[in-house]
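Go ahead and model the full structure; you've got the sequences and the hints to work with.
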Amino acid sequence: IRRQVIDDNLRHAFPDRPADERRELARAMWEHLFLFVAEVAHVPRKIHETNWRDYVRLRNADVLVGALLSERPTLVVSAHFGNFELAGYVMGIFGFPTHTVARTLDNPDLDGFLNRFRSRTGQHIVPKKGGYDQIVSVLVSGGTMTLLADQYAGSKGCWVDFFGRPASTHKAIALLSLSNDAPVVVGAARRIGGPLRYEMSIEGVADPRSTAPEASGVRPLTQWYTCKLEALIRRSPEQYWWLHRRWKEGAARSGRRRRAPSIFD
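Here the sequence shown stands for residues 444 to 708, numbered as in our numbering.
Note that these hints are calculated values from the structure, not bench results. None of the values given here were measured: they were computed from a predicted structure. Keep in mind that the hints are not guaranteed to be accurate.
To be verified - Straight-line distance between alpha carbons at most 30 Å, and here's what the computed DSBU-like set of lysine-lysine pairs gives:
#: 1; residue 1: LYS572; residue 2: LYS691
#: 2; residue 1: LYS572; residue 2: LYS599
#: 3; residue 1: LYS599; residue 2: LYS691
#: 4; residue 1: LYS691; residue 2: LYS571
#: 5; residue 1: LYS599; residue 2: LYS571
Said to hold, decoys possible - Pairwise CB distance ranges (calculated):
#: 6; residue 1: THR654; residue 2: ARG496; range: 33 to 43 Å
#: 7; residue 1: SER584; residue 2: SER562; range: 13 to 23 Å
#: 8; residue 1: VAL480; residue 2: SER562; range: 10 to 20 Å
#: 9; residue 1: ASN558; residue 2: ARG515; range: 19 to 29 Å
In this text, a Cβ means the ideal position worked out from N, Cα and C, and glycines have one as well.
Following this line, the structure appears as structure tokens:
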């Protein structure tokens with residue numbers, strides 16, 4: 444499945460690795476994905492309020508808790524990496540239900556299963572298509588939005604560096620942060636052992652009130668969180684979904700300022 448896409452992505456991301464190592468990395472990715480699916484099915488039975496420490500280790504949790512306890516809105520950004528479904532589930536166990544942007548799946552049975560799983564601990568799903576007003580409402584009320592920020596945004600996206608290649612990235616996260624005074628928190632749940640053994644970590648926070656370079660505009664902020672995600676993926680590359688067409692040929696980078704397609708269309 445998408446063998447050519449996976450091989451091309453790995454060849455560009457890790458040009459110094461020989462072909463046999465890239466094939467092994469692709470095999471390990473599929474092993475992780477199959478285990479990911481099985482874990483989602485078992486999480487509601489296995490992990491709950493009294494035993495989550497048996498499965499999940501926290502790193503820099505004080506940063507996330509501080510952001511979530513603030514009266515300001517928060518944008519939690521991650522990637523198709525580790526077990527992002529488990530991360531949302533566990534945040535609900537901690538007492539921090541979130542709103543998550545998600546595409547409605549073509550298979551209604553699978554879509555219903557995932558949404559029932561997500562809602563078990565209070566996670567609210569905002570449809571990727573037509574959900575912009577709801578997202579703004581959540582942020583205006585001081586709520587928390589979680590988004591996966593690693594997919595191709597079309598020829599009009601914000602072009603930033605990702606694994607040494609220009610990658611079209613959606614502007615919406617940076618625009619929402621800057622226009623709603625919402626810090627961007629980059630985090631993930633990374634597998635650190637066998638089934639259902641994860642470390643939830645915060646990789647960084649960008650505050651629009653800060654004078655730091657990353658808070659100076661849409662492009663710097665988009666590049667900042669993309670770099671954070673890349674560093675996370677490089678630590679455990681087998682846990683990333685390399686089957687996505689993250690880089691697409693023929694999408695020429697332009698110097699003209701053009702409106703980016705919204706991730707919520």
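Hint numbers contradicted by this structure: The structure breaks none of the hints.
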